[in-house]
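Given two chains presented individually in distinct reference frames, assemble the corresponding complex, making use of the accompanying hints.
Protein sequences appear in the order of chains A and B. Numbering follows the numbering used here, in which position 295 of the first sequence is assigned residue number 295; successive positions increment by one, without gaps. Numbering follows the numbering used here, in which position 344 of the second sequence is assigned residue number 344; successive positions increment by one, without gaps.
Result set (PhoX-like, lysine-lysine): computed pairs, CA atoms no more than 25 Å apart in a straight line:
1) B:K364 / B:K349
2) A:K324 / A:K212
3) B:K349 / B:K85
4) B:K80 / A:K355
5) A:K218 / A:K318
6) A:K318 / A:K212
7) A:K81 / B:K391
8) B:K213 / B:K391
9) B:K391 / A:K84
Calculated directly from the structure, the hints in this document are not laboratory data. Fair warning: this is a prediction, and the values are worked out from it, not measured in the lab.
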Amino acid sequence: MAQIETTARMESTRTPMWSKLTRPQIFFPVLAIALLSFFVLLPLVVMVLASLRPIGTSVFEAGPFTLDGYSRAYDNLDMIKVLKNTLIFSTGAVGFGLPLAFMFAYFTERTDMPLRNAMYSLMFIPMSIPVFATALGWVLLLGPRAGTLNQYLRILFGLDTNQGPFNIFSMEGLIFVQALGLVPSMWLFLVSVLRNMDPSLEEAGGVSGASKFTVLRKVTLPLMRPGIGAVLIFFFIVSVESLELALAIGPTAGIQVLSTTIFYAINPEATGGIDYAIPAAFGMIGLGMGIIGIAFYMYLIRQSSKYAVVTGKGFRPKIVRLGKWRWVAIGLIFLYMTIKVVIPMTILVLTSFLKFYMPPVPQVWDSMMWTLANYEDLLSYRFFGRYFLNTIYVALGAATLTMILVSFFSWVVVRFPGKLTKMVNVLAFMPLAIPGVISSLAFFLMFIGTPFYGILPILVAAFVARYIAFGTRVMHSAQLQIHKELGEAAMVSGVGSLRTFWYIDLRLLIPAFMNGWLWVLTHAAKDFSVGLILASASSMMVGNVIFGLFSGGDFPSSAAMMTVLVAFNLSIVLAGRRWITKAVRG
Amino acid sequence: MKNLRMLFFGMVGLAVILLVAACGADATATPTAKPAAVAPAPTPTPSAFEQLVAEARASDHVVRMAMEGVPRELVERYEKIWEDKFGFPLILENEPGHTKREVPVKVAEAGAAGRGVVDYLISDIGNLPVTYDANLMRKPNWDALNEGFPILADLRANMPSWDNSLGEPLTDYCISENVAGWSFAYNTNNLTDEEVAGLAGASYDILTTPEWKDRVVWDARALGLYMFPFAPGWDQARLEDFAERLGANGLKLFPGGSNGVIQALIQGEGDIGVASVSVASRNIAQGAPIGVAFPEFVSTSWGVSCLPKFGVNNEAMADLMVAMYPIDMFYGSQDLGGSFRIFSEEADKFPMAGLFAAAGLTSKNLITARSPDEVALTGGYRAAAIAAMQKGIESQ
Numbered sequence: 001m002a003q004i005e006t007t008a009r010m011e012s013t014r015t016p017m018w019s020k021l022t023r024p025q026i027f028f029p030v031l032a033i034a035l036l037s038f039f040v041l042l043p044l045v046v047m048v049l050a051s052l053r054p055i056g057t058s059v060f061e062a063g064p065f066t067l068d069g070y071s072r073a074y075d076n077l078d079m080i081k082v083l084k085n086t087l088i089f090s091t092g093a094v095g096f097g098l099p100l101a102f103m104f105a106y107f108t109e110r111t112d113m114p115l116r117n118a119m120y121s122l123m124f125i126p127m128s129i130p131v132f133a134t135a136l137g138w139v140l141l142l143g144p145r146a147g148t149l150n151q152y153l154r155i156l157f158g159l160d161t162n163q164g165p166f167n168i169f170s171m172e173g174l175i176f177v178q179a180l181g182l183v184p185s186m187w188l189f190l191v192s193v194l195r196n197m198d199p200s201l202e203e204a205g206g207v208s209g210a211s212k213f214t215v216l217r218k219v220t221l222p223l224m225r226p227g228i229g230a231v232l233i234f235f236f237i238v239s240v241e242s243l244e245l246a247l248a249i250g251p252t253a254g255i256q257v258l259s260t261t262i263f264y265a266i267n268p269e270a271t272g273g274i275d276y277a278i279p280a281a282f283g284m285i286g287l288g289m290g291i292i293g294i295a296f297y298m299y300l301i302r303q304s305s306k307y308a309v310v311t312g313k314g315f316r317p318k319i320v321r322l323g324k325w326r327w328v329a330i331g332l333i334f335l336y337m338t339i340k341v342v343i344p345m346t347i348l349v350l351t352s353f354l355k356f357y358m359p360p361v362p363q364v365w366d367s368m369m370w371t372l373a374n375y376e377d378l379l380s381y382r383f384f385g386r387y388f389l390n391t392i393y394v395a396l397g398a399a400t401l402t403m404i405l406v407s408f409f410s411w412v413v414v415r416f417p418g419k420l421t422k423m424v425n426v427l428a429f430m431p432l433a434i435p436g437v438i439s440s441l442a443f444f445l446m447f448i449g450t451p452f453y454g455i456l457p458i459l460v461a462a463f464v465a466r467y468i469a470f471g472t473r474v475m476h477s478a479q480l481q482i483h484k485e486l487g488e489a490a491m492v493s494g495v496g497s498l499r500t501f502w503y504i505d506l507r508l509l510i511p512a513f514m515n516g517w518l519w520v521l522t523h524a525a526k527d528f529s530v531g532l533i534l535a536s537a538s539s540m541m542v543g544n545v546i547f548g549l550f551s552g553g554d555f556p557s558s559a560a561m562m563t564v565l566v567a568f569n570l571s572i573v574l575a576g577r578r579w580i581t582k583a584v585r586g
Numbered sequence: 001m002k003n004l005r006m007l008f009f010g011m012v013g014l015a016v017i018l019l020v021a022a023c024g025a026d027a028t029a030t031p032t033a034k035p036a037a038v039a040p041a042p043t044p045t046p047s048a049f050e051q052l053v054a055e056a057r058a059s060d061h062v063v064r065m066a067m068e069g070v071p072r073e074l075v076e077r078y079e080k081i082w083e084d085k086f087g088f089p090l091i092l093e094n095e096p097g098h099t100k101r102e103v104p105v106k107v108a109e110a111g112a113a114g115r116g117v118v119d120y121l122i123s124d125i126g127n128l129p130v131t132y133d134a135n136l137m138r139k140p141n142w143d144a145l146n147e148g149f150p151i152l153a154d155l156r157a158n159m160p161s162w163d164n165s166l167g168e169p170l171t172d173y174c175i176s177e178n179v180a181g182w183s184f185a186y187n188t189n190n191l192t193d194e195e196v197a198g199l200a201g202a203s204y205d206i207l208t209t210p211e212w213k214d215r216v217v218w219d220a221r222a223l224g225l226y227m228f229p230f231a232p233g234w235d236q237a238r239l240e241d242f243a244e245r246l247g248a249n250g251l252k253l254f255p256g257g258s259n260g261v262i263q264a265l266i267q268g269e270g271d272i273g274v275a276s277v278s279v280a281s282r283n284i285a286q287g288a289p290i291g292v293a294f295p296e297f298v299s300t301s302w303g304v305s306c307l308p309k310f311g312v313n314n315e316a317m318a319d320l321m322v323a324m325y326p327i328d329m330f331y332g333s334q335d336l337g338g339s340f341r342i343f344s345e346e347a348d349k350f351p352m353a354g355l356f357a358a359a360g361l362t363s364k365n366l367i368t369a370r371s372p373d374e375v376a377l378t379g380g381y382r383a384a385a386i387a388a389m390q391k392g393i394e395s396q
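Chain B on its own, in the form it takes in the complex (with noise of 0.2 Å):
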């Protein structure tokens, strides 16, 4: 008996707290249950950018993209540098495959099934058509974007265009991420004074004579030179010319792109190549026993910084990542090595950028694909730079 009235009393006084609890709430809720005098001042509408970086904090916080050879230190430090800005981390995920080269193609073999395989994808011009003529892009949140990242628009002026199939212009879909430069990479424990004082600016023919002889490596996909005939004075024949007496000068070819020219590099199997700078002063930043030189021209991929229609996770992310990349991100890890462009606005933010200009070099020295009909070429270009290194090395 005694219990059951201690249970009765109990759910009356439980019943009384939950009464006032919601009478309470309910006054919270209804201004106008208040005195118009003290009613709370409008919070002020969020920013766009406001709502995107809302939008991101609110998600699963993962973007996947391409990040192949990338070392954990820089995965780490990129969701480093994004966790310090918004307070929220940053999950990145790897998609196998070539960055630049194979990645776009998946985007474009998935998207044409309506399905995505990366949030976000950094690629360069070169490499873009397979999905931005297949109207298989997205355009990021700019007025969000601009708001919060105001050297936005420099980037995307500074980049060169063209129109997709729709006749819509790149740069209202990406923009500029690196001027991925391929310049001269060496062992310096294998060249002497000399030889490192005549590399700047220097002719990439010296590599054919028999100073260099069975010294040379280079990409085994042509890396760098399927730009060569865009320089002043080249052309396809002096293209295949020049990669055949590399090839009959004991070069010798390594898969991996840059990060396999610096590894043979590195472990002696050459002292000098050709292979990108990121690549290179990243393995300087970790003591490895690199040098860079730039040579009379430097051929780069322009890099660029844009969103698949189809993503995997979620968009708010991803758009923040096409700035992020570029900007915090770029600048926060030249300690660990890193690309550069050439913008004066931001020349001071890469060790690289005064190497460069060091070696009395400026944009009119950075060659490239500028137009789509040049795009074109260049596969023509990569096959024939193959062949005839291949041709220049069984002549041996």
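Just chain A, with the same shape it has in the complex (with noise of 0.2 Å):
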């Protein structure tokens, strides 16, 4: 009898609680919080293992924690040295791109600048270039004795040396790459504030006598400050996690920043033994440089309260004359898109049509061999087939499920307001704290030594991991705009909390998540620096073997493989803009 009495205690505590645990308000929140801990959160913390380990050790081993792996890290490398340049190559890559693209979102939204509606596809043209292309073409352009450029420069205005003018491996030079690969997606988060932001103020500047140019100076910069300074924040971040760039120009530059030391502490060489630490140990560096950069952030965003940009009433901001200098602005981002897509782009394809690269000058033209063999090798390559899959499944892959979980978590978050979906929004909001080398190095300590690494799916969630914030952001304002009445009514007609996501809310917002899934796809597609970190044998991205053809020398086939690369890129997003368009007026 007592024990039957105890058995239905226990029942009638456990029944509460587990029907506490299934009402939607608590359930989904907790599934939300889950999947992000296993992108967001598990990763970091096996970093932070792994940073503790003995040498020799992987993360899972038994043994014991030390901090040696610190020691052995900054011990045998100029740390500062290597910081240093880490700030000044995001800072100087920061602070020319931000200028740029400010100016052009300007133009863009706030002038009769000619084009300016067609922007918005021009501007995806350079993002969805690889930053490899751009830096692959000006190295062989601005390489100080050999570049074409430099040549004809030396032969234009009669200089008597063999070296120069410019240099592409320096520091000058791995800014000028970088700066021009950060201006598309720094003016489209510019253009976005700009949008957003009630002219009154600038009007009212307008009316007081204040010049276009005082207006601009003392009304819309420090109006902007909250957004620019976000912007700038974000991209210093960006450029953090840089890799590819720095591998390809940094070398021969003799400058090494914290991405290539992570890289070369996760590939090192066999004589220097297995010591995971090391990478680990760096990569808290650039998770620490991460978290302060956030904290700037999250106080900008504060601060952008008091500035109250965003009003609620309708407002159509008003558009400045330019007169004449209207196609000086549009001549100006020409001249960008002709720096950053046409002239490295054109070396490129003349690259991929010879057997040897040599420059294009008059003493080397008899020398020259052309070839369409390139192409020939690429097509008739049987392996081309299948790392041109890998790299289709890991980007479509990526920004399918990317949008699809960061739907949920937005939707999470607007339907269900309480703690744990503060939660779900921080753990959401995280990875931009994590400059991308850090979370694919947290995915390779998680699954070296285990059957998962180096398959597919691996690569499609270190991609997840790093595209969550912004998906989030994108999917977040966009839910915000769908009332909750309409969930409302379904439930009250009977229909489950998830199917209401399913049919209603994801249906509304497929405009928004169709322009996020293509930008996740198209910066998936383009990026090499997680197929570089992550990629085995079977999961070959076709960045890989770019890198692989660049590194042993063999720019035509590297070149022929990007050019294929970017004209599918292109297609992509060309075809894509065109469809979001069609179906947004539809």
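Next up, the structure:
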């Protein structure tokens, strides 16, 4: 009898707990936290643990914990120099790219520049070109002695030297190429800041007799300060994670940054042995830099409420008439496009038709060996299809899974507000603080030595972890625009929460979903770093092959494969943009 | 009714045919049913080598190995040589990573978890301990391979050897694959005849003279340099002094090992450098404006052909690769450029060995780390060389 009572009491206490957990407002946030923990927290915990393991010990092996890994990592390297290089590179790239991006965003949103509506498609062109392609192009153009452009400049100006005048293998060269790559994404962020800003203060400035430039300097820029600050910090972190560019230019320039330090630590020479604590210890520095950056970012976001630039009333910004200068404005954008896309891609395409790369200058013109073999080789190479399929699989998988997950997270955050959803929000935001090379490193450390290492789904997961923060921002804003009433009506009609999310919310969110999907797809397809850190023979992507060919000194084959990759990316982007535009209009 | 009858006879006919076929099969399958006088001669037991080949033939024919920087023509040639010899295909798969420096580490990482990343491993002796000492290598089927490749015993005997952590000699696991010498490589368009003539047997110190200022390129990871202290008259101090003077003479560093150096020379970023003979000769074979000259001594990476304990695909295919790669494939791809070995019995197989001898060099002029103790020093030498080159470059 006593036994029955005890059991009954236990069940009576257990049932409410269970029913509590199955309530949508608990169940869905907990599920979201569990998913985010796998993608964001777990790899970081593994990295921290790895940094504390003795030499030759993997994370999951039994054994003591020690701080020796940190001394092993930092004693053998001039860490101050590496950090200094990283700071100069990242600050320089953002400092050079931001004014350009702001100028282009201002032209697009606030002036009568020609073709400004086409900018949204135009800017996706440089965005879809891998930074490695731009780097390779400029290496061929501005190599100090053999660079094509340098040689023509020496001929043109009669310079009596066989070096320069420019040297891509330098910190300036690194910053130049990185900044060119940052501009389109920065532009995208700044355009949205400008569009959401109430122009009444600017108009008041204009009415008070201030010139256009004074209004820009004294009203527009201060109003945008939090937005610009946020862009600055976000892209600083993006620059810290830049790997492929630093690998292409850094060794010759004698410049080692944090990302390359991590890469070399993951790929040690056999004589150095295996020591996972070293890359993990370097990774902790990157994580620290990211966290400091994001703390500033959060501070700026909080500050932005003071500026109250977005109001509830509808507004239409006044367009600044540029007069004759409108052609200068569009000219500057085309100049950027020429430097970022046309010139490097021209030399790449040209190189792809050469047997051996030689700069196309008069003195070697006769020795140049033109060929179609690089393309024939690609098409007949039996692994080309597999590498391409791997790339498509990973890019499609990453884009689709990321957007489904972030749609779910955003839905949870908006529909079930509470303490748990605050945690969802924080976890979904965390990847912003984690440079991509660090999250890939964390996945590497988590799966090395397990049957999952090097398989395609792990590459997909690494991309998902990287783009969760971006995707959540996109879907969260869109989700806010869907009124709760729709969901409530469905619930009243007896439709479950998940079906409501699937059949109502997700369908209404399709344009935002597709925009985010396209962004992730393009970025995953053009990214080399995740593949370089995580791929094995069965999961090699096009980026691995291009980098391998480049590292192996085979510039023509590398250029041919890059040309195909760029063509593929561009066709996806342009088709995607077209489809989205039609869908939105429809 | 008629149809039913036809069906019945049809079925009976089919049953008779099946019965006859079954009896016939039984008759051939049972030798005792035949008179002893006409019994077939017993099939000879296949040799160990034939068994190995039969196992390989029955597999999916895939061998995964590291082939970074190996051009497609060469991969296809290897596969053709295999098919011509055995009559069934070989499908080579490439594992990313530097063949000799990085892939042994991957093998060790995966092997610690009982997994494989490659089926067949080409490395050099200096990079082998990470897998060899961790007992992560497998002994090839020597009995079978000796039968199929008579020169194999020489290739094992000619290799420096030492014991692993289990006290077993390296020669139980590997054979010499090549002697990857790092020679002078130069752009034939940019050097005068006098300059070329002065390179054979020359001291490396010429690269630090004003004649070669701003003309020298080198691998950013100090390819070859880290072996210099093993040369007569050299030590770490001499290495650092040389590397710093080299850096101060307008040296440019490129990633990508020998391939990177050769590409820098072809495009004219430098006129001379030090690169692997095999990479240089491969480019020469394809028509690149590259020449090779052997200096006073030649640093070498002593290439070995081995098997990891844990593979990915069929073991018999990998066993055969241990011998095929350094013998048939090595000989049969020399026209596409190749490295060499300096064993007298096969000297005529390697054009580069002739060039080496023409420079008045012998095996005494080959320098390398020949013992575990010497191998242990190379990491430090490499770091010292890189630091000294950078110091020299920054001093300009």
